[in-house]
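Residue numbers (numbering that gives the first Met the number 0): 0 to 291.
Calculated from the structure, these hints are not laboratory results. Glycine included, C-beta positions come from ideal geometry on N, C-alpha and C. Errors might be hidden in some of the hints.
[What the hints assert, rightly or not] Restricting the straight-line Cα-Cα distance to at most 27 angstroms, the calculated cross-link-like pairs of lysine-lysine (DSS-like) are:
1. Lys179 x Lys118
2. Lys118 x Lys85
3. Lys26 x Lys251
4. Lys179 x Lys209
5. Lys253 x Lys291
6. Lys217 x Lys1
7. Lys92 x Lys118
8. Lys209 x Lys26
9. Lys140 x Lys107
10. Lys217 x Lys281
11. Lys92 x Lys179
12. Lys1 x Lys179
13. Lys55 x Lys92
14. Lys55 x Lys26
15. Lys1 x Lys26
16. Lys64 x Lys1
17. Lys291 x Lys217
18. Lys26 x Lys67
19. Lys85 x Lys1
20. Lys216 x Lys253
21. Lys251 x Lys55
[To be verified] Simulated restraints on C-beta separations:
22. Phe190 x Ser241: 19 to 27 angstroms
23. Asp272 x Lys209: 20 to 28 angstroms
24. Asp2 x Pro176: 19 to 27 angstroms
25. Asp235 x Glu166: 16 to 24 angstroms
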Amino acid sequence: MKDIQLWTALITPLTENGEVNFAELEKLIGLQADAGNGVLILGSTGEGLAFSEKEKNEILDFVSKLPKRTPVMMGVGGFDINQQVKWIQRCNKAGVDALLVVTPLYAKPGFNGQLHWFKTLLDAAELPCMLYNVPSRTAVKMIPGVLAELRDHPNFWSVKEASGSVEQYLGYREAAPDAKFFSGDDALTAFFAQAGCHGLVSVASNPWPKATNLYVKKCLTGLTDGLFPVWNRAVDALFAVSSPVPTKCLMKEKDLISNAVLRPPLSQHDLQDTAQLLEADKQIGEWYSANK
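Given these sequences and hints, build the entire structure.
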């Protein structure tokens with residue numbers, strides 16, 4: 000598992016009435032396994048906060064019982080620390096491989112609050128944990144000093160850095176120099192690779208699993224000529240409105256899922272025009288054909 004360089008932050012496919020489409024979920028996990036990618040289930044791209052505890056348990060049980068073809072990481076995030084501990088304990092027993100643990104939402108805690116949050120969750124875990132910095136969603140950045148305090152915790156494994164700031168990334172590297180770091184921004188992977196990151200947790204690999212795997216390999220080996228213009232335009236298309244709205248819309252166009260239904264408050268109707276997405280899909284397809 001720890002050799003995986005690309006983790007796909009997998010969407011959660013839904014039926015027309017908004018229920019989890021388990022058949023399509025199994026298919027999507029298989030496509031990622033075929034490409035050599037690990038999968039992250041119930042992260043923000045997977046709309047993890049939009050599901051009830053019962054639904055999350057059903058997803059966890061379903062994924063855990065599938066034939067093991069690729070490592071599975073499960074998202075941990077919310078506001079109620081006791082609820083998160085309970086969820087981690089469920090994941091410990093289910094047979095998943097790792098956990099993604101995000102900073103607490105909305106409250107904007109300082110050093111002591113963040114340290115208590117992360118240490119409590121790491122103590123509850125019996126799995127490798129990737130800590131997740133995504134201030135655009137949580138309204139607070141992970142404090143480097145917290146990472147320095149936790150870097151020797153036996154369940155601390157890695158960091159997903161999704162602030163979009165190379166400067167913040169370098170600050171975390173200084174705080175935990177021996178940790179593995181993953182870019183949380185598809186378009187910046189080439190830049191993070193130059194600064195020593197281990198890989199990518201990706202949205203783009205949902206519609207383009209094999210192409211994104213190749214993209215990451217090229218970034219990590221320094222073969223980046225011509226990468227940024229193509230991939231930057233493609234990633235821009237995937238974030239034209241709130242993610243994962245464009246990703247689901249494109250996957251529906253590509254017949255990877257049967258519809259682009261999302262859980263409220265997200266709506267597929269916020270994306271009025273798919274022309275940019277379809278052009279991005281064409282360009283990534285051409286890039287992959289020319290480089291594979």
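Verification of the supplied hints:
Between Lys179 and Lys118 the CA atoms are separated by roughly 18 angstroms; this keeps the pair inside 27 angstroms, and the hint holds. At most 27 angstroms may separate the alpha-carbon atoms for a hinted pair to count; Lys118 and Lys85 meet this at roughly 15 angstroms. Straight-line distance between C-alpha atoms of Lys26 and Lys251 comes to about 14 angstroms, which keeps the hinted pair within the 27 angstroms bound. Straight-line distance between C-alpha atoms of Lys179 and Lys209 comes to about 23 angstroms, which keeps the hinted pair within the 27 angstroms bound.
Between the alpha carbons of Lys253 and Lys291 the distance comes to roughly 20 angstroms, so the proposed pair stays at or under 27 angstroms and holds. A C-alpha spacing of about 19 angstroms is found between Lys217 and Lys1, which places the hinted pair at or below 27 angstroms, so the restraint holds. As the CA atoms of Lys92 and Lys118 are separated by approximately 20 angstroms, the hinted pair is consistent with the 27 angstroms bound. Under the criterion of a C-alpha separation no larger than 27 angstroms, the hint pairing Lys209 with Lys26 is consistent with the structure, at around 15 angstroms.
Restraint check for Lys140 and Lys107: the C-alpha separation of about 8 angstroms stays at or below 27 angstroms, so the hint holds. Restraint check: the Cα-Cα separation between Lys217 and Lys281 comes to about 20 angstroms, which is no more than 27 angstroms; the hinted pair holds. Simply put, Lys92 and Lys179 have alpha-carbon atoms about 25 angstroms apart, close enough for the 27 angstroms limit, and the pair holds. Proposed proximity of Lys1 and Lys179 is supported: the alpha carbons are some 9 angstroms apart, at most 27 angstroms.
Distance restraint check for Lys55 and Lys92: the Cα-Cα separation of roughly 14 angstroms lies within the 27 angstroms cut-off, and the hinted pair is therefore satisfied. Taking the CA atoms of Lys55 and Lys26, the gap is near 18 angstroms; set against the 27 angstroms cutoff, the hint holds. For the hint linking Lys1 to Lys26, the alpha-carbon distance of about 24 angstroms falls within 27 angstroms, and the restraint holds. As the CA atoms of Lys64 and Lys1 are separated by approximately 21 angstroms, the hinted pair is consistent with the 27 angstroms bound.
Between Lys291 and Lys217, the direct Cα distance comes to roughly 11 angstroms. Compliance with the 27 angstroms bound is thereby established for this hinted pair. Restraint check for Lys26 and Lys67: the C-alpha separation of about 13 angstroms stays at or below 27 angstroms, so the hint holds. Between the alpha carbons of Lys85 and Lys1 the distance comes to roughly 25 angstroms, so the proposed pair stays at or under 27 angstroms and holds. Only pairs whose Cα atoms come within 27 angstroms are accepted, and Lys216 paired with Lys253 is accepted, the gap being roughly 24 angstroms.
Taken as a hint, the Lys251 and Lys55 pair is honoured in the structure, with Cα atoms around 23 angstroms apart against an allowance of 27 angstroms. Taking the beta carbon of each, Phe190 and Ser241 are about 24 angstroms apart, inside 19 to 27 angstroms as hinted. The beta-carbon spacing between Asp272 and Lys209, approximately 27 angstroms, falls within the hinted interval of 20 to 28 angstroms. About 20 angstroms separates the C-beta atoms of Asp2 and Pro176, a value consistent with the hinted range of 19 to 27 angstroms.
Between Asp235 and Glu166 the beta carbon distance is about 22 angstroms. The supplied range of 16 to 24 angstroms therefore holds.
This entry satisfies every hint, going by the numbered hints stated previously.
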